[in-house]
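*Asks:* First to last, the protein sequences are chains A and B. So that you can map any letter, position 150 of the first sequence is 244 in the numbering used here, and since no number is skipped, the others follow by simple counting. So that you can map any letter, position 102 of the second sequence is 196 in the numbering used here, and since no number is skipped, the others follow by simple counting.
These are calculated hints, taken from the structure and not from any lab test. Check before you lean on any hint, since a few could be wrong.
The list treats identical chains as interchangeable, and a pair is accepted whether it falls inside one copy or across any two copies.
With a Cα cut of at most 20 angstroms, we get these calculated SDA-like pairs of lysine to any residue [claimed, not checked]:
no., residue 1, residue 2
1, LYS254, THR241
2, LYS175, LEU253
3, LYS147, SER113
4, LYS147, ALA282
5, LYS254, ARG148
6, LYS147, ALA116
7, LYS147, ARG124
8, LYS175, PRO262
9, LYS242, ARG151
10, LYS147, ALA115
11, LYS147, GLY111
12, LYS147, GLY122
13, LYS254, ARG151
14, LYS147, GLN114
15, LYS242, PRO221
16, LYS242, GLY111
17, LYS254, ARG294
18, LYS175, ALA261
19, LYS254, ARG119
2 protein chains.
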Amino acid sequence: MAKPTAADRNLTWQAGGVSQAARRRLLGQRGCVLWLTGLSGSGKSTLATALEKRLIRQGRLAYVLDGDNIRHGLNADLGFKPADRVENLRRIGQVAALFADAGLIAITAFISPYRSTREAARSAAGPGRFLEVFCHAPLAVCEGRDTKGLYRRARAGELKDFTGIDAPYESPRSPDLLLDTANTSVAACVRRLEQLLRDRKIIRGRSPS
Amino acid sequence: MAKPTAADRNLTWQAGGVSQAARRRLLGQRGCVLWLTGLSGSGKSTLATALEKRLIRQGRLAYVLDGDNIRHGLNADLGFKPADRVENLRRIGQVAALFADAGLIAITAFISPYRSTREAARSAAGPGRFLEVFCHAPLAVCEGRDTKGLYRRARAGELKDFTGIDAPYESPRSPDLLLDTANTSVAACVRRLEQLLRDRKIIRGRSPS
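Could you build all of it, start to finish, from the sequences and the hints given here?
*Replies:* As structure tokens, then:
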């Protein structure tokens, strides 16, 4: 009897699981990672939450990963040292990839200042499954909002290595979408995010008027 | 103007996100963690995969977390030392809890030999969201199957601290379901798992004849 080839083994392995096509049929959407990156105060969490709510209302399955549900659970063992920050984002990238694999639209809202960690998240998600969205607003605008009071603390020296103050933010070179969040309303940003999902065939259906 | 109370703040926070009720309506099911525990060779992965497939065919959303998608991704940084094994299961418990929070039936298939780590996973999932399933088969039966050749390697001394050989397995004291996988067919086990999900109101609908 012939030895099984790699293709045979792969087929056997595939046969055991649920195919991506079956998940697409069930959910009427393709799984993906929508990765929001930008300075603190650039609107990532607000947009993530607004988009999630809108998609769920439309019968689409989305889930937000952000500091609220990651830092107190999965990454509760990590601090804010450079190595911990890298590991924080590495795990988030891997978890988001699992959500995408399950068929969900995983929306992540983290500053994620380094290109290398964002590229690692892209690799984890796999080809065609990672959309990088640059939430762009000038530092002065973000600092002016300062919803969490973090900039004030960073300026006072209470927070070290704060992105935009004493740590760098590496802007995406060719994001899948750039949102000018200083000059665009939340509603308009959400519409553009939805359009991106339609353009990339993650979701279907006509654009609302 | 009155200062906001804790309830006000909570309401504000809640208002931002998608409610569990909205997810239940969308998916027609409640999210939960179905945690399969038992010796290597006790049938955990086979049952997890068969149940996932069956639920998806019924239009229900399930996702299996197992060694294949966890050890090479999220937990690729961990080895097999005792501390690494604890951390491996801690993270799996946290990720499974996130999937349950998103509305999915997260099915985990890991030996998870210690009560303490299983209890930590239960806590992470939250009340009413964690179902512990003991896949029970005598060691001799599991070793006889030895589908991955691990027992042979453990007996040969090539694998250290192998559960059932030279490391303990702490049986669940009061599992939500005990499956006698040495004497029950895969199909019958899957039916009992489905019945458990119905009994706990995770899924609805009549039991199939």
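*Asks:* When Cα atoms must be at most 20 angstroms apart, do LYS175 and ALA261 count as within-copy, between-copy, both, or neither?
*Replies:* within (12 angstroms within a copy, 35 angstroms between copies)
*Asks:* Could you figure out if LYS242 and GLY111 sit no more than 20 angstroms apart (CA to CA) within one copy, between two copies, both or neither?
*Replies:* Cα proximity of LYS242 and GLY111: across copies only (18 angstroms, versus 44 angstroms in one copy).
*Asks:* Treating 20 angstroms as the Cα threshold, decide for LYS147 and SER113: within, between, both or neither.
*Replies:* Only across copies: LYS147 and SER113 sit 9 angstroms apart there, 27 angstroms inside one copy, limit 20 angstroms.
*Asks:* Please work out whether the CA atoms of LYS147 and GLN114 approach to 20 angstroms or closer within one copy, between two copies, in both situations, or in neither?
*Replies:* between (24 angstroms within a copy, 12 angstroms between copies)
*Asks:* Is the C-alpha distance from LYS175 to PRO262 at most 20 angstroms within one copy, between copies, in both cases, or in neither?
*Replies:* Answer is within; shortest intra-copy Cα gap is 15 angstroms, inter-copy 36 angstroms.
*Asks:* One pair to classify: LYS147 and GLY122, alpha carbons no more than 20 angstroms apart. Within, between, both, or neither?
*Replies:* Both. Shortest intra-copy (17 angstroms) and inter-copy (17 angstroms) distances satisfy the 20 angstroms Cα cut-off.
*Asks:* How do LYS147 and ALA115 come out at 20 angstroms by Cα distance, when the copy is not named: within, between, both, or neither?
*Replies:* between (25 angstroms within a copy, 13 angstroms between copies)
*Asks:* Classify it for me, LYS254 with ARG119: is the Cα-Cα distance of at most 20 angstroms met within a copy, between copies, both or neither?
*Replies:* neither (48 angstroms within a copy, 44 angstroms between copies)
*Asks:* Up to 20 angstroms between alpha-carbons, please classify LYS254 paired with ARG148: within, between, both or neither.
*Replies:* neither (36 angstroms within a copy, 51 angstroms between copies)
*Asks:* Are the CA atoms of LYS254 and THR241 at most 20 angstroms apart within a copy, between copies, both, or neither?
*Replies:* So LYS254 and THR241 pass the 20 angstroms test inside one copy only (18 angstroms; across, 52 angstroms).
*Asks:* One pair to classify: LYS147 and ARG124, alpha carbons no more than 20 angstroms apart. Within, between, both, or neither?
*Replies:* both (18 angstroms within a copy, 18 angstroms between copies)
*Asks:* State whether the alpha carbon distance between LYS254 and ARG151 is at most 20 angstroms within one copy, between copies, both, or neither.
*Replies:* neither (40 angstroms within a copy, 51 angstroms between copies)
Of the numbered hints listed earlier, those contradicted by the structure are 5, 9, 13, 15, 17 and 19.
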